[in-house]
Structures are given as structure tokens and as C-alpha cells.
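Chains as they are written, first to last, in the numbering used here: chain Z, 1 to 358; chain B, 1 to 358; chain V, 1 to 358.
Keep in mind that the hints were calculated from the coordinates and are not lab data.
It cannot be assumed that every hint is accurate.
Note that the list lumps identical chains together, so a pair holds whenever it fits in one copy or between two copies.
Within a straight-line C-alpha distance of at most 20 angstroms, the following computed PhoX-like cross-link-like pairs (lysine-lysine) qualify [to be verified]:
1. Lys353 - Lys114
2. Lys227 - Lys80
3. Lys80 - Lys240
4. Lys344 - Lys199
What follows is each chain in one-letter form.
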Amino acid sequence: MRHVLDITDLNVKEVDELVATAEDIVRNPAKYAHILAGKKLATLFYEPSTRTRMSFEAAMLELGGSVISCADMSRSSAAKGETLGDTVRVVGNYVDVIAMRHPYEGAAYAAALKSPVPVINAGDGGHCHPTQTLADLLTIHREVGRFDNLTVGLCGDLKYGRTVHSLINAMLRYKNVKFVLISPDELKLPSYVLETLDKAHAKYEEIPDLEKAIVDLDVLYMTRVQKERFDDESEYNRVKDCYVLTAEKMKLAKKECIVLHPLPRVNEIAEEVDDDPRAAYFRQTLNGKLMRMALILKLVTEKDAVYRREETVSGGKCVNKKCITHFEKLAPLYKAEAENGMHKCAYCETLQKLADKK
Amino acid sequence: MRHVLDITDLNVKEVDELVATAEDIVRNPAKYAHILAGKKLATLFYEPSTRTRMSFEAAMLELGGSVISCADMSRSSAAKGETLGDTVRVVGNYVDVIAMRHPYEGAAYAAALKSPVPVINAGDGGHCHPTQTLADLLTIHREVGRFDNLTVGLCGDLKYGRTVHSLINAMLRYKNVKFVLISPDELKLPSYVLETLDKAHAKYEEIPDLEKAIVDLDVLYMTRVQKERFDDESEYNRVKDCYVLTAEKMKLAKKECIVLHPLPRVNEIAEEVDDDPRAAYFRQTLNGKLMRMALILKLVTEKDAVYRREETVSGGKCVNKKCITHFEKLAPLYKAEAENGMHKCAYCETLQKLADKK
Amino acid sequence: MRHVLDITDLNVKEVDELVATAEDIVRNPAKYAHILAGKKLATLFYEPSTRTRMSFEAAMLELGGSVISCADMSRSSAAKGETLGDTVRVVGNYVDVIAMRHPYEGAAYAAALKSPVPVINAGDGGHCHPTQTLADLLTIHREVGRFDNLTVGLCGDLKYGRTVHSLINAMLRYKNVKFVLISPDELKLPSYVLETLDKAHAKYEEIPDLEKAIVDLDVLYMTRVQKERFDDESEYNRVKDCYVLTAEKMKLAKKECIVLHPLPRVNEIAEEVDDDPRAAYFRQTLNGKLMRMALILKLVTEKDAVYRREETVSGGKCVNKKCITHFEKLAPLYKAEAENGMHKCAYCETLQKLADKK
């Protein structure tokens, strides 16, 4: 039994297998239509995310399983002071797999520590959302046909966008992938992600201008530039149009360049782009369902899987105020392996010094 | 692929076929128990309406299909600024048919413009609720045995009651139907509905007194007279008892006169009437489920159906403040065919002059 | 057709049959996996209780049936003034059995008066929650192997804890059961429950100290001592630790003594106890699902069952302000059989004098 909390919980071989399964589901849906008959998925959502919940539920139903839907866990026992650990131990008596969404970072880790059934992280605050990345990957594979030798543009909010960081982590494991980082100064990729790129010897380039960058891309991943991220509204007004994708800008892109977006979009992609065959973002939601099918199937049927939990050490309170360890009274845990003398919180993965804690 | 937004999206022949299917379901439920196996319905409810949602979900389950339930869409992506068009394009990747409820008028039309799967309007503000009318029609057919040669009394709030307007639109397509309009002055049938009656050469009579009117009726359709509809509370107090159906008043009705009500009722039908065999309003909810089964079945299996969308012209902002075009930034559209120089909004069907717009 | 509103709606023979069915489900799950195919359960929850709702839904799904989930009935037609009686008459057209949760006492009785399908009380305020007691009973039977000759400790809030009162009512029907009542003075078992024990000639003992009491127990039923129950906070602080179960206290218990808790727990059982094999509270939630399976199966398939409704008399308003008769305008009803000149409200079972009413 194992959990998927982060995209890196799946190695390259496993991602490739999930992609192969998803593509086989497209070809042979009947083969999968009853494969999980009698199995149950619980969607435990501590904050609303109808799209993600529907995608998981559709996935389980298309595998022949059934669903217990909890769209509003924030009003449940949690409100009575129950821990996530107790909740999943109970829910584990009702279902075979849990998809969980939570506003606090590391919540899925806290649940996985105690759960008797596989936990899939369906988003824990700004931390991880691995099945979104699986959707992105399948879309690239189905539309472009490969993961290697690609120029991938990431546009918009590269600072806070967890889907961007997760996609980078997934893609840098393939050969000869070049990242083009397109964002205003305020929303540049954080240095710790740049370091990951460096460590992996990945090629990348920072270009503030979408019109210049778009020319060479095989994949353009759009995200939203939110006004609230800017201290200075005039600065926001100056740059915002640059990061809106229009039919005009699409004329500069390659004939095969596909456009992705995690959705919902507000106005960062003009509606006129929707009819462009290169606009892949609605197909991307279909691919999300297919990858969730492949993942649920893997986790529910993989009897002998062992969840590799990294070695941890104890320490003082986590510095990240949005870490689940501040929401519930959980013993802080840190990954044993240090990076430059810093340790990652085992829950939310925030890097910090442990010395002056305890 | 087609949508059902309004009762008139179904012609008389189609209504008759739905009634026949529903009556066949009653006789041969086993024939339908697995007919939509593997198909999925999404109930997208942007305002709560548990009864309607349950009826749709029961209908889909009794056809062997499954359900993705969204009882609280108002807390979803819509809150993040996503348009209805984007939402249904995504949801269309998860399910085979959508039943949608929304507080704004014309919302179902906005969704249908973009949806890749059939949309059933489960109520869009005060505008339309066609499956309620289908429930009314099946009840009349099962209880009285015909749609022609009927005297139909409509009692209570005829001004705002959308179920009343919709039932009139459906019934005036049959032969020799006479409408008896029973309401206080404040809540009389609007002139544009009276004009529809005139145009169809339908017989009707306005009678303020239920006790007088009830004597001749084959069907009595009750609705609620709400205090809030009156400017003058004393006027409300003077008339309210006249529009409450009691066992006493039922003594005046014909032996075969059936009583309908869209439910929920508050006190406009005394509880003592419930035991009268002519009280058909609880059976009416059963009929609602049966007609929803027939309709879902038709829409999901009718591969070659073409949705006839009326010709539209563009124009300025719709005058109806409750029109979905004010809620979302949608391009206003008007039905091309004018009536007395006025045009209907394509979304909410409010009649208005287009000249001084643009 | 019959309802289960209170644990005493099931006689000892029926409880034993449910236990036998549940234990057979454990041995032969395949035998039950499709037994209710085509049947539907509605979970009508007028207050959130995710755990209970999930347990009912899991139970129905494991019987091969399907579910219409209403986690938030408080936002539904009830808000529009519809009575519970009307609601269940409508819902009875959609499903085969109803599990209902409501904040008002006696609400399940009000529903059962009108429902055309079996109603299971999933908790009505502080009144009854019979399926929790069924979970408790199956746990005792599976873990200890018998219901007779047991010493059962009940610890914590014995005054307000409805699960405690219900378990006492269920267990005093077996032979040679001794109750050990462990609570602070403020939260002692109410006199009317003590009278029930006396009337049944049951042995019992009141001991304020858990450490002393634990030594002799076969079963320890823990509940939460809430600060809000105390007028004097210092008194709460003085006693609270006494009613927290720790590994230290478990050392004093018998090797076979099992620990139950209705969950959610907050801190009344230290987490360190979870790993003790005698800690049965998570297995108890599994047993709750199994007993709900057995009960749903019984009620849906028992065609000829007759619901025995006790004789009632009318009277004035119920003295219990949390009685459903104050929430909805229901005619007050009292059980005809008097106890010491007092009558029980037919809805909420509060004992009261009828003379000065009417």
C-alpha cells in the first residue's frame, strides 16, 4: 500500500506506465469499465474544488467503482477537533482509496502517516497537486508524442504557481528539456526551484516577454498573473497585457506548439484562442480524468507496494505558518537528509535551519 | 446532441413520446434498469434545490447510470471567476448529460452555447423549469387520461409563478383546453401570457374566487400566494384564505377533479386534503422522476439530434437585471424574429426594444 | 414496512439476528455484494455528520445499492417552510430507505409518521442514535464473544451522553450485565436512567475514579468530558485528567478488557493507547458499517413487517424546547401509557405531566 503526495513519489518509469495505461484506456475503455467494481473512493475535500472532485469521481465511476463524496469536510468532525489521522483511520474502514484536498500545506502527509488505505493528494494548500501534473504530462504526451527534446515555456506567475514547480520537477527528469521562464520580475521562479534546475543540469532561460519567447516553444504553459501579487498596482497594469495570450500572439507560435493551462482561467487566455487547434487546455481536463483513472487503478490493485517514507528527525516548530503542523497539534518532523545544513519539513517541505529549534 | 431549456424546446409529438416512455417505465421497469449503464449525469446546482436534484439523481440511477453530484456550485470555480461556458466545457469531459440549476435567468442558455453534452435546465431563476412542467403533464395524463378537452384551473400567484406560465405554454398546444385563472388582482396573469393565449385562440376566464371556479374544473393547479408579493398587508390578509384549498372547498369540486401543486407547499393546501384521493401532488413528484428518466434517456441516446438554435442578432445590454448576461460578461444576443418591433433576449427571453441599444 | 428510531424498536431476538447477519457479511462478503442492486438509500442530514453519513453510504454501496446524498438538508426546502412529513413523502418516491439526521429531538418520529419507506434515525438531537448502539453491540460481540455476564464500565459524561443511555438500554436486556458508572458528580447518570436500571433489576455501581474502576471491567466505554458542561472551570480542571485514558491506566485493566468510544475523540483517550490491541474504537467504526448493512438489508427486504406504533393521546405543548414539535407546528402527541402519572412525548420521549396542558 502506498500514497501519492507529490509528483516525485512516482519515478519516471511509473509515470511512463501511467501514461501507457491512460492511453490504453482511450483505446479500450470497455476493458476498464468494471475493473474496480465493488471498490470505493472517498473524496475528502476540506476546501471546495468542484472541478478536481468531479474529475476524481468521474475517474472512479469509469473504472466501475463507486464514490463517497465529501465536498465539505470543513463542516465535519474536523470542526469538532478530530485529527486528520483519526479521520482517515475511520474512513479507511469505509473505502479503498482516498483523494484529499486541504488548505494547509502538508495535510496529505499527516493523513498518510495514519491511513490504512492509499491517500492521493488532490492539493494541499500551495504545496503539491500531483494529479494536475499527471494531467499536464499526459497532454504533452498525447499531443506532442514525446517527453524528450522539448522546449517548454512557462508563463505568468512562476513564483507562487505550484503547478509550474511540479511540472518542472516532473519534466527535468527527461532528456534535453529546455525551460523558458516567462514572467514579470515580481513573479519570477523562486531561487530554490532554479537551484533544482541547476542541480539537474537542465537548460533554462528567463525571458520577460511572451511575444519574444513564444516563437521557439513546443509547449506553452499559461498561468494567471493576479493583481493581488503586486505591491504596486501601476506596475501590474503596466505588465498584465504582456501575459495575456491572444490570437495575435498565437500567430507567432509554431504550428505544433500546444497551449496548456491548469484552469480555471479568468482572462489570461482570450476566448478567441479556444478555437485554435493548438489550444489543448480543455482536452487537458479530459487527460486529467484519464490519469486519475490510471493512478487510482494502480494504487487500489497494487497489493504489494511498499510506501517508502523518507527517514525523519524531530525538531522545533515549522517556520511555515501554513504548515498543517500549526493547524493540528502534530509532532514536527524533518527529513533526515540535510541540504546545505537546512532540513525540509516532512509535511510541507519548507527548508529551514533546525539548530535553533527544539 | 440537443438541450432542453424550455418546455417549448420539445414539440407536442416529443412530449407525447416522453409520456409514452414514462408510462412504459411504470409497466416495465426492468427493461430500463440498466439501459444507461456506464453513463453519467452531473447535477450542477448553483442554488440549493434538494427536491429537484434528488429527482434527477433518482432518475439517472433508475436507468442504471451514475451521478456526480454538485449541490453547491456557488462555492466552486464560479467563485474564482470562471464562466459557465468554461465550466460546462470541462464538465462535458466527465459526464454524458448535465442538469443545471442557477439563480440567474438565461443561465442554461449560456451553458448550452458551449456545452459538448446535453444540458437540461433544472430551473434558471424565475425563467424556466421545463421538467416541472413535464411532471405536471404526466400527472394529468396518468390521472385524467387525456390532454384534450380539459378545463384547467390555475390558482394563486399567476403573476410570478413560472410553473404556471410554462404549463399554459405546454397545454395550449392541445385541443379544446380551457384555462380558468384564479388569483387576487395583485397576482393576475401578466399581459404577455394573456397575449399568448389570445394568439393561440385558447379559451380562458379570469375568476378571483376559488369557491366559484372550482366547480367546473378537471384539473386544479395550486400555487402559493406569498405575503411579500403585496404592497399592502391588509389586502393580503383580506384575500389569503380565499386561495387556501380545504376539505370544505374540495366538496365543491367534481369527483374526478385532480389537484396539482409544484411543491413545496406551506399552507395553501390544508393537510386534511392530503387524504383525498383527488390530491395528486405527491404522486406528481413520482411522475417528475419518471419524466426525468424519459428525458435523460432521450437526450443521452439520441445520437443524431440537432439542436435548433434560433437565429440571433446582437444588441445592447438586456433590460432584465436578473439576466445571466449581467452576472457574467456575456455578449448580449437577441432572437432575430421581432414581435411588434420588440426582440426577446436570447438568454432570458425578456421582450425589449433594440433600437436605443448598441 | 417499519422504522428504527430507537434501539428498543429492535427486540433482543432482532438485535441477535442483526449481529448474526453482520458476522456473516464478514465471512461471506460476496453473498451480499449485489443483494440490494437497484435499491436506493437517501441520507437526509439536517446537520453535518460526515462520519455517520459515510458509514451509511458505504453500507448501502457494499450491499450493491446506490445512494442519494443530502449532506446539507438545512439549506433545502425545509428552509422554505416545508414540513418533514411532506419531505419524506416526496423522498419516498425516489428511494427505498431513508437515513435521517436532525438537530431536533423527535424529528425521526415526525418523519416516520408520514414516510412511505423505512426511516432509520441517524441521530435526532440529544435523543437517540440507534445505529451507534448497534456498532457498540457488534464490537462487544466480535471482541468479547458474548453479551451476557459482562462488567461494562461507562466513563465520562454520563449525563448528556445519549450513546451511553442507549447502550445501557440495549445491554440491560441481557443476563448478568453489571454497569460501572464512572463520572464526575456534575455528569452522573440521570435519575430516570438509574430508575430504568432499578426496574430491570440490573446491577450497577457509581465510582468517580477511573483508575479504581478499570480493574474489573470487560468493556470500557469512554466518552468526552466537555468543559462547557461545568459551571465552575476550576472544578473542571480538578477532575478532567481523571477521565483521560492513558497507557498508564490501561496497565491496570484486564488483559481482555476492550476500549470503546463513539468517536470523534479529542483528548479523552491519549494517542499512545491507539496501538494497544485492546483499543477497539477504530474497529468499532468498521462494525458500525457492518451493522448498518445488516439493518438496511433487513428493512428494505422485510416486506411484511408492521411498524408497531404505540398508542398515543393528545395534549398541550411538550416541555422540551428542543422537541421537533416546537420547530415544526406539529400536533403534540403523548404515549398513552403513563408512568407515575407522567406521560412521554411521543416524539422526543420527555416525561411530563399532561394534566395542566390541553
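These are the hints, each one checked on the structure:
Proximity of Lys353 and Lys114 under a CA criterion of 20 angstroms is satisfied in neither setting, with 27 angstroms inside one chain copy and 52 angstroms between copies. Within a single copy, Lys227 and Lys80 get their C-alpha atoms only as close as 36 angstroms, which misses the 20 angstroms cut-off; across copies the closest is 14 angstroms, which meets it. In this homomeric assembly, Lys80 and Lys240 come within 20 angstroms of each other (Cα to Cα) only across copies, at 18 angstroms, whereas the closest approach inside a single copy is 44 angstroms. In this assembly of identical chains, the alpha carbons of Lys344 and Lys199 lie at most 20 angstroms apart only when taken from the same copy (17 angstroms versus 63 angstroms across copies).
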